[in-house]
Structures are given as structure tokens and as C-alpha cells.
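Student: The whole structure should be built from the sequences, with the hints applied where relevant.
These protein sequence lines are chains A, B, C and D, in that order.
When the first sequence is numbered by our numbering, its final residue is 1427 and no position is left out of the sequence of numbers.
When the second sequence is numbered by our numbering, its final residue is 1427 and no position is left out of the sequence of numbers.
When the third sequence is numbered by our numbering, its final residue is 1427 and no position is left out of the sequence of numbers.
When the fourth sequence is numbered by our numbering, its final residue is 1427 and no position is left out of the sequence of numbers.
Check the hints yourself; a few may be wrong.
Which copy? The list can't say, so a pair holds if one copy fits it or any two copies do.
What the hints assert, rightly or not - Quick list of in silico lysine to any residue cross-link-like pairs, SDA-like style, CA-CA up to 20 Å: (1) K1238 x R1085; (2) K1093 x S1229; (3) K1093 x E1239; (4) K1416 x S1229; (5) K1375 x L1235; (6) K1238 x K1375; (7) K1375 x D1394; (8) K1416 x P1198; (9) K1174 x T1102; (10) K1126 x K1174; (11) K1126 x E1146; (12) K1210 x E1176; (13) K1375 x V1159; (14) K1375 x G1417.
Think of the hints as simulated: they come from the structure by calculation, not from any bench.
Number of protein chains: 4
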Amino acid sequence: MIEIGRAKRASQVYGFDDIAIVPTRRTRTPEDVKLSWSIDALTFDFPIVAAPMDSVMSPATAIAVGKLGGLGVLNLEGLWTRYEDPEPILAELAEISDAVAATRRLQQVYAEPVKAELITERMRQIRDADVPVAGALSPQLAREFAGVVEKAGVDFFVIRGTTVSAEHVSTAEEPLNLKEFIRKLDVPVIVGGCATYQAGLHLMRTGAAGVLVGFGGAATGRTRNVLGVEVPMASAIADVAAARRDYMDESEGRYVHVIADGALGRSGDIAKAIACGADACMVSTPLARAEEAPGHGWHWGPEAWHATLPRGERVKMGRVGTLEEVLVGPSHTPDGTMNLVGALRKAMATTGYTDVKGFQRVEIVVHS
Amino acid sequence: MIEIGRAKRASQVYGFDDIAIVPTRRTRTPEDVKLSWSIDALTFDFPIVAAPMDSVMSPATAIAVGKLGGLGVLNLEGLWTRYEDPEPILAELAEISDAVAATRRLQQVYAEPVKAELITERMRQIRDADVPVAGALSPQLAREFAGVVEKAGVDFFVIRGTTVSAEHVSTAEEPLNLKEFIRKLDVPVIVGGCATYQAGLHLMRTGAAGVLVGFGGAATGRTRNVLGVEVPMASAIADVAAARRDYMDESEGRYVHVIADGALGRSGDIAKAIACGADACMVSTPLARAEEAPGHGWHWGPEAWHATLPRGERVKMGRVGTLEEVLVGPSHTPDGTMNLVGALRKAMATTGYTDVKGFQRVEIVVHS
Amino acid sequence: MIEIGRAKRASQVYGFDDIAIVPTRRTRTPEDVKLSWSIDALTFDFPIVAAPMDSVMSPATAIAVGKLGGLGVLNLEGLWTRYEDPEPILAELAEISDAVAATRRLQQVYAEPVKAELITERMRQIRDADVPVAGALSPQLAREFAGVVEKAGVDFFVIRGTTVSAEHVSTAEEPLNLKEFIRKLDVPVIVGGCATYQAGLHLMRTGAAGVLVGFGGAATGRTRNVLGVEVPMASAIADVAAARRDYMDESEGRYVHVIADGALGRSGDIAKAIACGADACMVSTPLARAEEAPGHGWHWGPEAWHATLPRGERVKMGRVGTLEEVLVGPSHTPDGTMNLVGALRKAMATTGYTDVKGFQRVEIVVHS
Amino acid sequence: MIEIGRAKRASQVYGFDDIAIVPTRRTRTPEDVKLSWSIDALTFDFPIVAAPMDSVMSPATAIAVGKLGGLGVLNLEGLWTRYEDPEPILAELAEISDAVAATRRLQQVYAEPVKAELITERMRQIRDADVPVAGALSPQLAREFAGVVEKAGVDFFVIRGTTVSAEHVSTAEEPLNLKEFIRKLDVPVIVGGCATYQAGLHLMRTGAAGVLVGFGGAATGRTRNVLGVEVPMASAIADVAAARRDYMDESEGRYVHVIADGALGRSGDIAKAIACGADACMVSTPLARAEEAPGHGWHWGPEAWHATLPRGERVKMGRVGTLEEVLVGPSHTPDGTMNLVGALRKAMATTGYTDVKGFQRVEIVVHS
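Tutor: What follows is the structure, encoded as C-alpha cells:
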């Protein structure tokens, strides 16, 4: 513990930029690396989940990610469930370059209510394409629309907020009791974000299949400036990974997946997240650079359109290649924005590991 | 303690940019957060004080802050007490873009003496608006004008300098004896800045109701370059908060408020200041961005116009919205410059706290 | 060890930019400094090896380095062994300024296969100039072309990859058994890169005469962003230097040379590498700035043209002087890009050392 | 001690930018601060010495500094002792904006030999103005011209090089034996730079009246990039100040002045140097900004014109005011470039100190 001043102590924490992975005395052929990821009843070709953000996931791109072997999650409180046809709005937003004007317009377009029938319709679209179906709601709207979602038929139900706790307290209204809520649902739940051992442990005790670690997209989140709240990802993951181990012990064997969700801007960050203990990564920024991304080269998170306290910026990402090239290559840029899966495979081969679980033990270092 | 070299040791200190607030396992509804702040006989809606700086506080904006539920402090050595009508001067200064020319012009306009009758008049204006009245003097002029101020009738008397000590030593003239001075005054005194446990403790022993921690506005102060003097705010607050606790013990129960005064450029910094132990925050930079701010989008502190050793720069802040939007929202920028009160409320709710006193115990971390 | 989070620990590591060399109480005349470097049967005038990169080493520049007293290594998988006349390709590449277009073109031109007869021809050219002959292959192609290289007659055989381990595991094909491979070769082998004590020790046990520490050129490598893998050079060298000492003990006296290979952009970095324990430095970036450099003022490494996962950027270096001026002076720029040998000599004289082995013990400090 | 890697350890060191001065519980009136500095037989009004650099000190500016109460040192190997009239050369250099062209031209104009009769003449000029006379030579030329200097009559003899040791070893020529050399001289000697306890202690044992700590002007020195050699100033001073204390003990009372020489770009750095233990500061960068500075707004050190290994850059400083304004004010810029003496006085008053010796004990902190 560090003494900030006589009345306050703090621990030192680390982000992905502070750490690096170290090769061992062994190397492997990339072809020998197994990247498959099994959670609940499903198995994916690689441990990368596409984040439920409107600039990244449309029904079409969620299907495309599924076809490539991954899991795409649709935001069920986004433009696709507020508007019958959000395409003109997305096109209009892409034309606004002024930051303040963009925030104001986002606040306006997201003021339109979410519609239950559009949730049903979007889920159906994805299911019809024969890929795993997953939709995300915030804790605020989870109760209202959970029935609709369940009825629509999903493989995963994601509850995702800036900070989600197992113990939300409110005097005005009955808060969402996560444990009860999850028990009643028929589908596996992934819930977060959280950033500490305690918060992670309590979320695991709700019965969730996976826990999101982090506060969502780094490039688009400004929680640090607005709220002063932040936990760098490397430390957050390493803490929640310890909660996974301890919870497995206390639950006599239930393995809750730790899914990194934030600051994953480059393929190297994905490797680092797993090296810190993550089982999988929920990725947004790199996918926002795909040609098919609904954001037209722009990227924003749900914090960007808060009515009275927006906490995220819309960021121009540009475009580097197709969704397929971004996810599984081939890459034509040497900066970690393309071939995310190939890069993870290569990082594991270079350091001598053949599976994700083993790679969680790879040696890391802190550099200045 | 760190060894700088064989003959010198130092302790490590931290600023707001070095730390972050960590969520706990509990969250709350923002509506349940109580932000009210009571000091001496008065209670304010939120623990934010507008700093006595000419670019921020005019009689009009002091009144506006009061109407919104906060406390605005007028600089009683500023342009409003040197000139009958300072508006043309403020407008003229806003037209000067060259930094050196601006410093020279500031040195000139502040060479005009402070006038007792203008102090009386400005205080009357604010009192007539039926909001709490507070005026600030430097230690140098405190004795000369204290009688005028007291007679004018104020709710708070603020003594504010770059560094104010309880023990000022001078061979040439009798220095201000703070303890005696405060005892004789009929109104509660807020005094500072200070930055260490010892200095804070000694200021508390003078009988002050509140102690300012820090050296005023970070964006406008260059004390570090000119004097080499600086104490990053997180450590300064955590040290003086310890003095508050120890003084409360030695005084058998007197609670002296610790008011952060410096480096509070974003709403997240306000949350961090309280997380380090502050009871309230004296804010300037964000208010300088208000449309009503007398600085016309520019910001400067009292160090900027020192006759022979100016130590602060006039800084262009731009304008983001009305004073009301800056203080209580709604915000249309995601960077921590608007809705300061809403952001503090959200930071506390996100981490599960309902009052400022409790939030002083929230967990913080140090990041690189 | 540092705790990243409850489930992960890491050690702190340092790069050249984090450290500096400290003068002692003694100084020396530069003329008294002996820089000669002996490895296997050969002795060079200074411990600087030119890296096998196409932007730096052509047969002509390899010869020039040899004539100046150093060792130039030709890349035997580069443009000179893929094309009869690579000059038009080099000229064409120099005209492409767009980064993505350059990566795509590099991927194309390096798709041309390596030709055994060109390896023979290039080695002959260099040998005919009566300078030491050295060629480099990757571990992937080492077995295929080793016979050709050996037959062509070389003084040093360099096996160089991003990460080379003594224990490469593959299920699909029989991997290169380095120990056996080196024992069968008739020429001394320099092998790397590696970055840790364990990896270095295992490479030393293969029978290599020298071990490369690092992952090649820093300016051109983006392994960190793409794979998350990185070991800052100062720590990597100091670790592998410890392996040299321990291996010397276990082998009863075999001294394996530790050759720094990466992040050596300025002459000061070369001095720091030796101060951390290196016996010699494999240099690329400064040589890419020579007028004769085949890259026409551009610089790239083998990672830049990987077909599916390029991990290095082509970087514009500009040109500062002749190869002779860059290596042995005189210098006309004060930034560490010219007179590498003179700078090393001066660094050693200033701190009172007369030979490289002694200078490995010079005091260093860590600064922020 | 920090472990860089298994084979190397290092200590952590600090520069002025890493530290800050902390106010105490006491403040003082600036008028009560005594800045006078006595060394050997002379007393100066303030502990600031103007550095012997051609861009800063001409006979005219050395005289001006003396008239203002300080000590100006003329470089006796500079343009004023190589040329009868260096003004046209200085004017010509000021017209060259290209960095490489400037280095080459500096190498040319400094190739002209130093002339004994010009040394005599320049010293006479300064003595005639009735101010203290001081001239500087490098260790290389000290023996050759010492007789001339002594005969010319100086109050201080300065021997200044990048790194000066008490024990210079050379096989080719008899090196300068500092101890013997200083004993034979009739005038007090100030010698340096050094940067460590050991080097400082050994220089003190030579009989010097003052020891320079540091490697000269930071803005103009690139020793770090070229040689890899650097010791941040705060640690260097704190180390050599310990040597002063220990040497005073072993010599039974001889007090050798520790004079900071390097990285003193702002007035705050001067305060920090004293806070770390310096008795005085040799300043160059701020003086290069004076209107009278011979460098015409440019600044360079002796390393800039080395014939084969230049290690310093000529830097454009611009001009902020008269030499008097820079040294003793009044200031019209808030950035620490003017009124160096007033700023030091204010720093000491703000922290409650009345003399330089006491201020060496002021509390400092390390910040990130």
C-alpha cells in the first residue's frame, strides 16, 4: 500500500500499456495453438466477443462475427431497437464532425424509446442466420425487457453497464436483484462491468456464466475525467481472476468466465488481457475500424448519449479493412488493428503456449 | 522516504492525475445521494465554492452561484473594488492575445488601489440578492480592510494567498497575527492555502472555520516554474485531512472544514478531492468556461499581476455553456467541464455512497 | 516482484531510456581506450555488427563495414537472394510514402522465393572483397539453406528471428534442433533473439558462439502493439549477461558473447548496452541513415513483410552522412547518430575505462 | 538499489522536474531574506554565477553581471580569446537557422587557436570595470594558459569540462595533476563538472574553493544521447553536498562550495538546486535570453563545436528582457525566465527561510 497522505492509502494498479508479455525458453508452431473457447453450452473458434455498441454491432455484423466463429452481441437499447430503420441516422451522425454538435445529436436520437417488438425482430434476424444469438441490456432496463428477450430466444443474455454491482441500493424504486433475476432466466447471463476482486466475486455469486471486467471501450469512455473513476485493466483482470479461483473453491467447482471489456484497442492488448487472467475479450475499438461497421468509421459507447451527463466521446477511427480481415486476417497494417485472432495465436506460439488457459500463466513484466 | 542523494530525502506525493476512484461491490441510485454541505451556520446544496478570482466571480456571478445553491466568493482586491466599472477593462483584456502584453497590462490595471467604499458597495449588491455573502482578501491587505468588510456584513470572510501560514515572520512591520485577527472578527473565516499537515494544523488552531488546501488554480498558476514550490493536491488534501482529525481530537471536537483549492479542472477532480478527504472544493477553471464568466473566456489568478514577479499565466478557456449548465447541468460535453454537481452525484452513486463524509473513505488507486 | 492484481505478479524491467551511465572519479584519454572485439577466430576493431536487414546491408555495404573494421551481416532471405538485381525494387519502395501501400508492396516483393544460387553468389562477392563474411537466416529457413551457406564459405552463420528458442515444439513438422544443427555446422553460429535469463542460457547450451538479445530494430518493430510481447533492452541484456556468467561456470569456461540487438538508435544506447553487460551490439537504425544504405533513407525489418501478420513499420530515417562518418566519424550532428565508435570511445574515457569488458561494470542509474 | 536484470543493479536518481519544494508552517517577508554569497575573499549579492559560455558571457555582459552584484565568468577558450573581434562571427552564426549547417560552422570558427594575448586583454577589460574577474579553461588547456591567466590577474580561476576528475589517466601525455596545479596557483579555483559523491569528494581534496556539479547547460547538452552519460541534477547535488559535509570533517573545517551547473532553465530550478544542497548556481540558459546576450538569442555550449563528436545543439532561446530584468527583475513573464533573484527570494520567504544555508534544509517531495 502507498501512502497518498497521512489520511489516505492506495494500492498501485497497472494498465495494458504498463505491462508486456515475456517469451519463455520454448517456442511453438502457430498451427499448434488451440484458441477455441467454450462457455456454457457453446464453443467458439476464438475467445473474442464483439461488444454491444451501435458503432460496432448491427444485426448484420453480429451475424458476420458469428459466421467467422465468434460471438457478436447486439445492444438491445441501441438504435436498432429504437428505430425501424436506423441507417439514415447512422449516416447522418457520420456527417457531423463537431464534437459538441455530435453529443447533442446523440442525446436527441437516443431519446427515442426502446421498442419491445424491435427487440424481438432483431433477435429473430440473427437467429435465422444460424449463429449464436446474444443481446445486451443495461441494469436499468433489464427487468422491463427481459421477458421479451427471453421469449425472442437468445443463447446469451448480457447485462452491461459502466459499473454493475450485485448489490444496487435505491430508496425510490425496488432495485434489480441480480441473483433472483438470473435464477429466473432460462438463458446464461454475462454481467458487468466490474473492476475489483470484491465486486467480481459478488457478481459471480449471482449465478452469472461470465463476468465483464472493465468499464467498456477506452477510446470512447471518459469516466476518468468526468467521475474520477477508473481501474486500469491489467490490475482489474488480475483481481477478478483471483475472484474466479476463490469462487470456484467456495462454489465447489463452478467456473465463471472472466471477460475483459475495455482498453482493448490493439491485438497486443487482447494477448495481455489473457496473460492477466481473462478467459475471453469483449472487443469494440478494432471492430469499429471494419468496413462493415455500422458507425461508418466513428465509434461511441452508451455513455456518449447520457441525457444530462455524457461521459464518452464519439471518436473517429477510420477504416482498415473488412470485418474478416480485422478478426482473422490477413493483415496489411503493422499496428495491431488487423488479424486479431492471428496475432493472439502468434503471441501464444512465440511464448510456447498451446491453449488459452495455459497462456494465463505466461510471465509478464512492468516497464516504464 | 526516498533518498534523492546522500544528503537529501523526500517523500513521494501524488496529484489528481496520479489517482483514480475504485467502485465497490455496491452501487446506488443517484437520487439517493445527499450533497448538501453545512459549514458554520449555513447549509449549501452542494460542496462547491466559486473561487475569488476576477475571471470567474463578479457580483453578478457570485449571486448566480448563490441562487443555484452554492457559495460564490468575491475577490475584494480585484477589479471590482479597484474600479467603479471594471467591465471595459475586462473587455479590453479579452482582446489582448499576446501573453507578454497581457501580463504587462494586468500589472498596470491592478496597480490601481483598492477602494474601501467599493468593497462596501459590492458586498451590499450581493446581500441585496438574498444569497450568502463572502469576500476574500490577501493576508497583506486583510488588516487594512477587515473592518470595512465586517461592517459591510458578510457570511464568510476568506483570507487567501498562495501560501498562508499561521506564523508569518517579519522584522520590518508587525505581521498579521491570524489567531488574534480571527478571534476579533465577528464572522467565520476560511483561510489558506496550505499544503501540509503541519501548516494545516497551525491554520486550524487560529480558529478558522475552514482551511484552503492548495495554491489556487492549476491552469493559471506557475508557482512550480517560478518558485520551485508545489505540492500535488491528492497528497496535500490527504495530509491536511489528517490534521483535521488530529485537531478535532486536541480541540475536543471542533471540526474545521478542509476545502480543496487548486487543480480542480474537471468534475472528476472534484470527486477525487473529496475521496482524498476534502469537505468541499473551491473551483475556478470550470467556472471560467461559463458564458456569464467576467473573464470573457479567459482565466487568471492573483499571481498573474504581481508587479515584479508574476507567477501565473492568463489562459484561454473558451466557453462551454451557461453557469447553470456548468454547475448543475445538463451537460453536452463528455469531458468533465459541465454538470459538476451531477458528476459528483454520479461518482458517489456508482461507488455506493450517499453522503460526502462517507465518500471520503472510498477506495482509491495509484496508476502510472 | 510487483503485484499486478491478486492473481498475477510481474517484475519491473528497464529500457535504455530509463537508465544512464554515471561518471566515476577517474577519467581517461580517449586514445587509451581499446575497442577491439574478438569472437571465435576473428578480431574486429570495434564491437559493432551491422544487422542483416535489407535497408541496411547490401553486399556493398557489408563490404564497406568490413573495410572499416567491423562485421556486416547480409540477410540471406532478403531481396539480394530473392532477386538477381533488387536495386529497382529498392528504388521503387523508396518512392512509396503511404504506409499501408508500402506494407502491401513489401508483402508482394518478399513473396518471391529465396534462391540458393543467389546466396552462393552474394557470399562470394563479400569474400572476394577480403572482409569477414557473415550471412543470416531465420530458424524457418535455416535447415533448407544451411548447406548452401556453409558451402559458400562464411565466417559467421547468424540465425535470427523475432524470438528464437532452443526448444521449438511443433506437431506438424520436425522442428529445427538447434543444438544438433549447430554441432554439425563447420562455422561459428550467432543465434537469437532472446530476452530472458532462461532463454539465453538455453541458447548458450546449443553451442552458439554468440547470442542475440532483443527483438531487432526498435524503430521498425511493433511486436509490442501486435503481440503484446516486449522486454526492454537494459533488463534483457542484464539478464542474459547473468546467463553468460552461469553458463561459463557450468561449461567450465566457454564464453558465449552477448550481442545486443534492438533499440540501439543512438550512440548512447550502444554505450548503455555494454554497460548492462553486452559484449557487442548489432546495429541497424543508425546505419539506415548512411548515404550508402540500400534503403534510400527508409528502414524496415523482416517483420514488416509477413504475409498475414506484419509487425513492423517501414520508417523514414533520412540521411546524415557517409557510412564511414556514421560508424567512425567525424560527426556533424550532436544527436548520437554519427561517429558511433568515437562516441563509445568517449563514453568509456569519460568514465575511466579502457576496455569493453571493464566498461560492463560501470555504474548506471535509473531516472524517471 | 534496483535490479535492472540479474547481472546489474542501479540506484534511482532524480532531476529538478521530479521534485518540488514544500512550504512549511511559517512564512516570511521577502525583504528579510539574505541572499548574499561569500566564497573565498569575495562576497556577492546573490548566489548566481553566469556560466562561461560564448552565447552568454562577453567581457561586456561579465561586467554587467558584476555591476548587478553577481559573478560573471568568461570562457577563455571561446570566441573572445580566439578572435580580436568576434562580433561579426556571432552575428553570422545568428543568421544560420539550419542545425547541421550551424554545427559545421561552429566546428570551423572554433578551429581558430586561442591566443594568450587575447586572454590577457579580456581579463584586463573586466578588471578595469572594477568588478570581480573570473575566467574559465578546460582541463585540456588549463596547463598551457594558466600562467597567462594568473598573470592577467583574476579573482577566480574556473576549470570546467563535461566531466572533470581528480584522477585523469593517460599513457600518451602527462595528464593534468589537479591537486598540484591548484596548489601552485595563487588564485582560488572552481572546478567541475562532477556528478557523484566520490568524484565530488576527490575534487574537493584537490584544494578547490568550489566544485561544479552537473554537466553544464541542459538545453544545449546532448551528452545523454551521444554518450549515454547523465546524472539528473537533484540527485547529483544531494550526493556532492554529502561529500562537502564529509570533506569538511576529514579536512577539519574546510568548506568547499557546491555550485550547481546544469538544467537551471527556470528560476524554480535555482531554488530546487539550493534545496538539494547547492551553495550557488552557475546559470546559462536564462541569461541567453537577455537582450545583451552575445548569442543574439541563440545558446550553445562548448560541446557543440567538438571537431569529431559534437554533443550539444545550438538552441534558439529568444529574448525576454534586459540582463538586469532577467537577473533582478522586474519580471513581465510568468514562466520563471525573469527576475531570478526575486524568485529565489520569494521561494525562501514563502517557505520561511532567511538565508541560503538554512534553505538547503527545506523539505522537498518527489512527484510523478
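Student: It remains to establish, for every hint, whether it holds in the given structure.
Tutor: Evaluation of the provided hints:
| no. | hint | in the structure |
| --- | --- | --- |
| 1 | K1238 x R1085 | between (44 Å within a copy, 14 Å between copies) |
| 2 | K1093 x S1229 | between (45 Å within a copy, 13 Å between copies) |
| 3 | K1093 x E1239 | neither (36 Å within a copy, 29 Å between copies) |
| 4 | K1416 x S1229 | between (39 Å within a copy, 19 Å between copies) |
| 5 | K1375 x L1235 | neither (35 Å within a copy, 46 Å between copies) |
| 6 | K1238 x K1375 | neither (39 Å within a copy, 51 Å between copies) |
| 7 | K1375 x D1394 | both (17 Å within a copy, 16 Å between copies) |
| 8 | K1416 x P1198 | neither (30 Å within a copy, 27 Å between copies) |
| 9 | K1174 x T1102 | neither (31 Å within a copy, 44 Å between copies) |
| 10 | K1126 x K1174 | neither (27 Å within a copy, 40 Å between copies) |
| 11 | K1126 x E1146 | neither (22 Å within a copy, 45 Å between copies) |
| 12 | K1210 x E1176 | within (11 Å within a copy, 69 Å between copies) |
| 13 | K1375 x V1159 | both (14 Å within a copy, 18 Å between copies) |
| 14 | K1375 x G1417 | neither (36 Å within a copy, 40 Å between copies) |
Consistency note: the structure conflicts with the earlier hints numbered 3, 5, 6, 8, 9, 10, 11 and 14.
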